[in-house]
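Produce the complete structure using the sequences and hints provided.
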Amino acid sequence: MTTRTDYCGRLTDADIGRTVTVCGWVSKRREHGEHLAFVDLRDRTGIIQCVVDHAHDIRNEYVLSVTGTIRARPAETINSELPTGSVEIGDASVEILSRAEPPPFQIDGRVEVDETIRIRHRYLDLRNSRMQRNLRSRSAINASIRRAMDAQEFVEVETPMLIASTPEGARDFVVPSRLSPGNFYALPQSPQLFKQLCMVGGIDRYYQIARCMRDEDLRADRQFEFSQLDMEMSFADGETVREVISQAVSEAAETITGERPGPIPEISWLEAMNKYGSDKPDIRFGLELVDLTAIFSETDFNAFKAPCIKGLKVEGGSDLGRNQLDQLTDKAKNWGAKGLVWVKVGEAGEVTSPVAKFMSESEIAYMLSELEAEEGDICFLVADDWKRAVHVLGLLRLELGRPPVNEGGFHFVWVVDFPLFEEVDDQGNPTPAHHPFTMPHEDDLAMLSASSDAQDLLKVRSQAYDLVLNGWELGSGSVRIHQREIQQQIFNLLGIGEEESQVKFGFLMDAFRYGAPPHAGFAFGIDRLAALLVGEENIREVIAFPKSQSGTDPLTEAPTSIDEAQLEELGLKVIPETL
RNA sequence: GGUCCCGUGGUGAAGUCUGGAGUUCACGCCGGCCUGUCAAGCCGGAGGUCGCGGGUUCAAAUCCCGUCGGGACCGCCA
Numbered sequence: 001m002t003t004r005t006d007y008c009g010r011l012t013d014a015d016i017g018r019t020v021t022v023c024g025w026v027s028k029r030r031e032h033g034e035h036l037a038f039v040d041l042r043d044r045t046g047i048i049q050c051v052v053d054h055a056h057d058i059r060n061e062y063v064l065s066v067t068g069t070i071r072a073r074p075a076e077t078i079n080s081e082l083p084t085g086s087v088e089i090g091d092a093s094v095e096i097l098s099r100a101e102p103p104p105f106q107i108d109g110r111v112e113v114d115e116t117i118r119i120r121h122r123y124l125d126l127r128n129s130r131m132q133r134n135l136r137s138r139s140a141i142n143a144s145i146r147r148a149m150d151a152q153e154f155v156e157v158e159t160p161m162l163i164a165s166t167p168e169g170a171r172d173f174v175v176p177s178r179l180s181p182g183n184f185y186a187l188p189q190s191p192q193l194f195k196q197l198c199m200v201g202g203i204d205r206y207y208q209i210a211r212c213m214r215d216e217d218l219r220a221d222r223q224f225e226f227s228q229l230d231m232e233m234s235f236a237d238g239e240t241v242r243e244v245i246s247q248a249v250s251e252a253a254e255t256i257t258g259e260r261p262g263p264i265p266e267i268s269w270l271e272a273m274n275k276y277g278s279d280k281p282d283i284r285f286g287l288e289l290v291d292l293t294a295i296f297s298e299t300d301f302n303a304f305k306a307p308c309i310k311g312l313k314v315e316g317g318s319d320l321g322r323n324q325l326d327q328l329t330d331k332a333k334n335w336g337a338k339g340l341v342w343v344k345v346g347e348a349g350e351v352t353s354p355v356a357k358f359m360s361e362s363e364i365a366y367m368l369s370e371l372e373a374e375e376g377d378i379c380f381l382v383a384d385d386w387k388r389a390v391h392v393l394g395l396l397r398l399e400l401g402r403p404p405v406n407e408g409g410f411h412f413v414w415v416v417d418f419p420l421f422e423e424v425d426d427q428g429n430p431t432p433a434h435h436p437f438t439m440p441h442e443d444d445l446a447m448l449s450a451s452s453d454a455q456d457l458l459k460v461r462s463q464a465y466d467l468v469l470n471g472w473e474l475g476s477g478s479v480r481i482h483q484r485e486i487q488q489q490i491f492n493l494l495g496i497g498e499e500e501s502q503v504k505f506g507f508l509m510d511a512f513r514y515g516a517p518p519h520a521g522f523a524f525g526i527d528r529l530a531a532l533l534v535g536e537e538n539i540r541e542v543i544a545f546p547k548s549q550s551g552t553d554p555l556t557e558a559p560t561s562i563d564e565a566q567l568e569e570l571g572l573k574v575i576p577e578t579l
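Numbering (the working numbering), first residue to last: 1 to 579.
In case anyone wonders, no lab produced these hints; they're calculated from the structure.
Being a predicted model, the structure only gives us computed values, none of them experimental.
A couple of the hints might just be wrong.
What the hints assert, rightly or not - Label pairs and their in silico Cβ distance ranges:
| # | residue 1 | residue 2 | range |
| --- | --- | --- | --- |
| 1 | Ser-550 | Arg-178 | 20 to 30 Å |
| 2 | Arg-171 | Gly-316 | 36 to 46 Å |
| 3 | Asp-385 | Arg-178 | 28 to 38 Å |
| 4 | Tyr-366 | Arg-147 | 34 to 44 Å |
| 5 | Ser-268 | Asn-429 | 18 to 28 Å |
| 6 | Pro-104 | Gln-132 | 49 to 59 Å |
| 7 | Asp-91 | Arg-147 | 40 to 50 Å |
| 8 | Asn-323 | Phe-410 | 28 to 38 Å |
| 9 | Leu-555 | Arg-147 | 30 to 40 Å |
| 10 | Arg-136 | Pro-404 | 40 to 50 Å |
| 11 | Arg-171 | Gly-408 | 29 to 39 Å |
| 12 | Leu-572 | Arg-44 | 41 to 51 Å |
| 13 | Asn-406 | Ile-209 | 20 to 30 Å |
| 14 | Leu-179 | Ser-93 | 53 to 63 Å |
To be verified - For lysine to any residue, the following SDA-like pairs were computed, each having C-alpha atoms within a straight-line distance of at most 20 Å:
| # | residue 1 | residue 2 |
| --- | --- | --- |
| 15 | Lys-280 | Lys-387 |
| 16 | Lys-331 | Val-355 |
| 17 | Lys-459 | Glu-271 |
| 18 | Lys-459 | Ile-267 |
| 19 | Lys-280 | Lys-357 |
| 20 | Lys-280 | Ser-360 |
| 21 | Lys-280 | Arg-219 |
| 22 | Lys-344 | Gly-376 |
| 23 | Lys-547 | Cys-212 |
| 24 | Lys-305 | Ser-360 |
| 25 | Lys-459 | Asp-385 |
| 26 | Lys-357 | Ser-297 |
| 27 | Lys-28 | Asp-150 |
No residue lacks a Cβ here, since even glycine has one placed at the ideal position from N, Cα and C.
In structure tokens, the structure reads:
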């Protein structure tokens, strides 16, 4: 085999006269009679046209080494669509390095291909320019993140993949232990505890591009395994952490788009929930939620006798048909709403609505003015408890107005002042909104110790913050508790007793005995960041070998059964599924 | 655990609502022709368990039930 001298996609007018050897796959061949044929050869950089005497024995996707002299194309045959379109390899001699069967799908992207088929033959799909671009972009993002972190004197530390399972958080993937039959390792959901130990260990500034595993249902933006930029820093507050992360994501965004995003705005969790009905607001568009509770405080309409009424207005939406409205109502119910009220605005404030007769004229007028609704608009109202009302309307807002992933630019936003606790569980214990090591807001510490009522605790703010991009949660972080006393207090509130906390997190609590620095950190998902930056609405498009929504790998067929001997060695027995 | 959408030659789509011969279109594949194409062109050809199973019917890609696979979403994801 002749040694490659050049990449296909990089040959230009400057190379005219050079004798080159390129290697790659046959993208296309065009034969013109007995003694003229064109072969488009493709490698990772692009395509070059090779002119050969004949191509009878060449087929698409054959692997060739082509040697010839670069020459300018005749003026009338220049292909402006192709970066290499002004030159060609003339009088090329071809060496077939590998023959190929016709691929199960066309690699040129001319016809769309079912994603399962693409993934089953990912080694072919990867030849396509889309995947080439996506994986290269992802690689560039990783490099730019490392550059940003290195520049800020962070140290990359690797943490173990085989760790102890803790019942908190997502479902663990577990690995049976051969040397300790009946015991299991867990794969990390994140390096959370280890990075905090790094802080106790004086690393001061830690980062890692870490693989994490969570055994939860898959989505367009969720796979079992994912990568995150994980970081932690000592003697730093949340603001400093956000500044560091802003640098890293800005660097990444600039690498891909060529444009550095401006300063990232902050919004409080409460404001995000009230305006967008989501803790990961997509601020590329309006359709903001408006509070209408006070307007209907005197209502006789039973459905509106609720703790909270929220509404949103769609400009020019009154042409929505009954069918569409019914479908939206069904969706709202599926999201947990009892119902969805719509109000169409006609001439001079005349309204059309199935529930118009239950609203007084003043209520209607007040509502329309609050929503700034005018002729031709439609308003949607949800009455429920606050949480459900904003949740349902938030989802409706996305349904009605969310632009495609590659439109509207990149709108990062920090969501700050998350509540410390999410809700109260069956046992009356609050559940942590972030994780149990999150430091409460300094101003709310008093509330924390004084309060005996679980409902009051839900008002306690934490020093936790999320980074959101175009409605996707990129990641979250917090100031951590570094004092054992506060940590124990939180554990107590969560219903985790001293003994239990010692069993689950004893090593961290022990570490904190020996001089724990104040510290704070963050982690964001690289798959999501990469997908958004390259304009893909699905993280599978930036993952070389992804899994299907049901968690199987169409390529390797994983998960598979294992044989009896293997099970026995691990001390495992499979219970047959009984129907 | 739940809601919705999809499954038709190798690939993508139409056909399904309103049952009537495996019908159609584009790409690919195979053969032939063709000396400047580049989504080459022209001529010819091959290629099907309409995901699978059952039911209704004189007749099912089409209607019904079940099931499998894929996707989007709700729940879940500290």
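We went through each hint and held it up to the structure:
{"no.": "1", "hint": "Ser-550 / Arg-178: 20 to 30 Å", "verdict": "29 Å, holds"}
{"no.": "2", "hint": "Arg-171 / Gly-316: 36 to 46 Å", "verdict": "45 Å, holds"}
{"no.": "3", "hint": "Asp-385 / Arg-178: 28 to 38 Å", "verdict": "51 Å, violated"}
{"no.": "4", "hint": "Tyr-366 / Arg-147: 34 to 44 Å", "verdict": "55 Å, violated"}
{"no.": "5", "hint": "Ser-268 / Asn-429: 18 to 28 Å", "verdict": "25 Å, holds"}
{"no.": "6", "hint": "Pro-104 / Gln-132: 49 to 59 Å", "verdict": "19 Å, violated"}
{"no.": "7", "hint": "Asp-91 / Arg-147: 40 to 50 Å", "verdict": "45 Å, holds"}
{"no.": "8", "hint": "Asn-323 / Phe-410: 28 to 38 Å", "verdict": "35 Å, holds"}
{"no.": "9", "hint": "Leu-555 / Arg-147: 30 to 40 Å", "verdict": "32 Å, holds"}
{"no.": "10", "hint": "Arg-136 / Pro-404: 40 to 50 Å", "verdict": "23 Å, violated"}
{"no.": "11", "hint": "Arg-171 / Gly-408: 29 to 39 Å", "verdict": "35 Å, holds"}
{"no.": "12", "hint": "Leu-572 / Arg-44: 41 to 51 Å", "verdict": "43 Å, holds"}
{"no.": "13", "hint": "Asn-406 / Ile-209: 20 to 30 Å", "verdict": "25 Å, holds"}
{"no.": "14", "hint": "Leu-179 / Ser-93: 53 to 63 Å", "verdict": "59 Å, holds"}
{"no.": "15", "hint": "Lys-280 / Lys-387", "verdict": "15 Å, holds"}
{"no.": "16", "hint": "Lys-331 / Val-355", "verdict": "19 Å, holds"}
{"no.": "17", "hint": "Lys-459 / Glu-271", "verdict": "14 Å, holds"}
{"no.": "18", "hint": "Lys-459 / Ile-267", "verdict": "17 Å, holds"}
{"no.": "19", "hint": "Lys-280 / Lys-357", "verdict": "36 Å, violated"}
{"no.": "20", "hint": "Lys-280 / Ser-360", "verdict": "36 Å, violated"}
{"no.": "21", "hint": "Lys-280 / Arg-219", "verdict": "16 Å, holds"}
{"no.": "22", "hint": "Lys-344 / Gly-376", "verdict": "7 Å, holds"}
{"no.": "23", "hint": "Lys-547 / Cys-212", "verdict": "15 Å, holds"}
{"no.": "24", "hint": "Lys-305 / Ser-360", "verdict": "14 Å, holds"}
{"no.": "25", "hint": "Lys-459 / Asp-385", "verdict": "16 Å, holds"}
{"no.": "26", "hint": "Lys-357 / Ser-297", "verdict": "17 Å, holds"}
{"no.": "27", "hint": "Lys-28 / Asp-150", "verdict": "44 Å, violated"}
Consistency note: the structure conflicts with the earlier hints numbered 3, 4, 6, 10, 19, 20 and 27.
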